[in-house]
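Participant: Sequence:
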Amino acid sequence: MNDAWLNEIQWSEDGLVPVIAQQHDSGRVVMFAWMNRESLALTVQEGYATYWSRSRQRLWRKGEESGHRQKVIDMQLDCDADVILIKIAQEGGIACHTGRESCFYRSLKDGEWQTTEPVLKDPKSIYK
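Residue numbering for the sequence shown follows numbering that gives the first Met the number 0, starting at 0 and increasing by one per position.
To be clear, the hints were calculated from the coordinates, so they are not data collected in a lab.
For each residue, glycine too, the CB sits at the ideal point set by N, CA and C.
Any given hint could turn out to be false.
[Claimed, not checked] Distance condition first, Cα-Cα at most 27 Å in a straight line; then the derived BS3-like pairs of lysine-lysine:
| # | residue 1 | residue 2 |
| --- | --- | --- |
| 1 | LYS120 | LYS108 |
| 2 | LYS86 | LYS70 |
| 3 | LYS123 | LYS70 |
| 4 | LYS86 | LYS120 |
| 5 | LYS108 | LYS70 |
| 6 | LYS70 | LYS127 |
[Unchecked claim] Taking CB as the label site, the calculated pair distances span:
| # | residue 1 | residue 2 | range |
| --- | --- | --- | --- |
| 7 | ARG27 | GLY66 | 16 to 22 Å |
| 8 | ARG36 | GLY66 | 22 to 28 Å |
| 9 | LEU76 | ASP109 | 34 to 40 Å |
| 10 | ASP109 | ASP2 | 48 to 54 Å |
| 11 | GLN9 | TYR126 | 30 to 36 Å |
| 12 | LEU58 | GLN9 | 36 to 42 Å |
| 13 | GLY110 | PRO17 | 25 to 31 Å |
Throw the hints in and build the complete structure from the sequences for me.
Facilitator: This is the structure in structure tokens:
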């Protein structure tokens, strides 16, 4: 596969594109992250999500420490070509480093962010 498809993406000034990860069978949004050209190409090549970690300034293969990899089922580009949606099969059922199914586990209720999702596994037992 040639990489001409990468040129259709509207990359940010720092060479990144926002990526939404959605569980393919439930439709649940489990994560938001960033990809650069290299991480997006690796994701397509390997079939598993690889992101760009802005804090660590390096490639981040989702699940490299936790084992909670994201198998890519489908990938879609939005109408402005500046956001990617990946439909994934979340291995282990945990996408968040807090041990939850989703990184979106707090809801605004009565003017306060309240935790509405349980911890499925203690992060201390996930990350050594």
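Participant: Confirm or reject each hint.
Facilitator: Status of the hints after comparison with the structure:
The straight-line distance between the Cα atoms of LYS120 and LYS108 is roughly 25 Å, inside the 27 Å bound, and the hint therefore holds. Taken as a hint, the LYS86 and LYS70 pair is honoured in the structure, with Cα atoms around 8 Å apart against an allowance of 27 Å. The hinted pair formed by LYS123 and LYS70 meets the criterion: a straight-line CA distance of about 24 Å does not exceed 27 Å. For the hint pairing LYS86 with LYS120, the CA-to-CA distance comes to about 23 Å; that is within 27 Å, so the pair holds.
For the given pair, LYS108 sits about 33 Å from LYS70 by alpha-carbon distance, which is inconsistent with the 27 Å threshold. Proposed proximity of LYS70 and LYS127 is supported: the alpha carbons are some 23 Å apart, at most 27 Å. Between ARG27 and GLY66, the C-beta spacing of about 20 Å keeps the proposed range 16 to 22 Å intact. A hinted range of 22 to 28 Å for the beta carbons of ARG36 and GLY66 is consistent with their spacing of about 27 Å.
In this structure the hint that LEU76 and ASP109 lie 34 to 40 Å apart at CB holds, the actual value being about 38 Å. Judged by the Cβ atoms, the range 48 to 54 Å given for ASP109 and ASP2 holds: they are separated by roughly 49 Å. Distance hint for GLN9 and TYR126: a CB-CB separation of about 34 Å, consistent with the stated range 30 to 36 Å. Range check, LEU58 to GLN9: about 21 Å between beta-carbon atoms, so the 36 to 42 Å window is missed.
A beta carbon spacing of about 28 Å between GLY110 and PRO17 agrees with the range 25 to 31 Å that was offered as a hint.
The structure shown violates the earlier hints numbered 5, 12.
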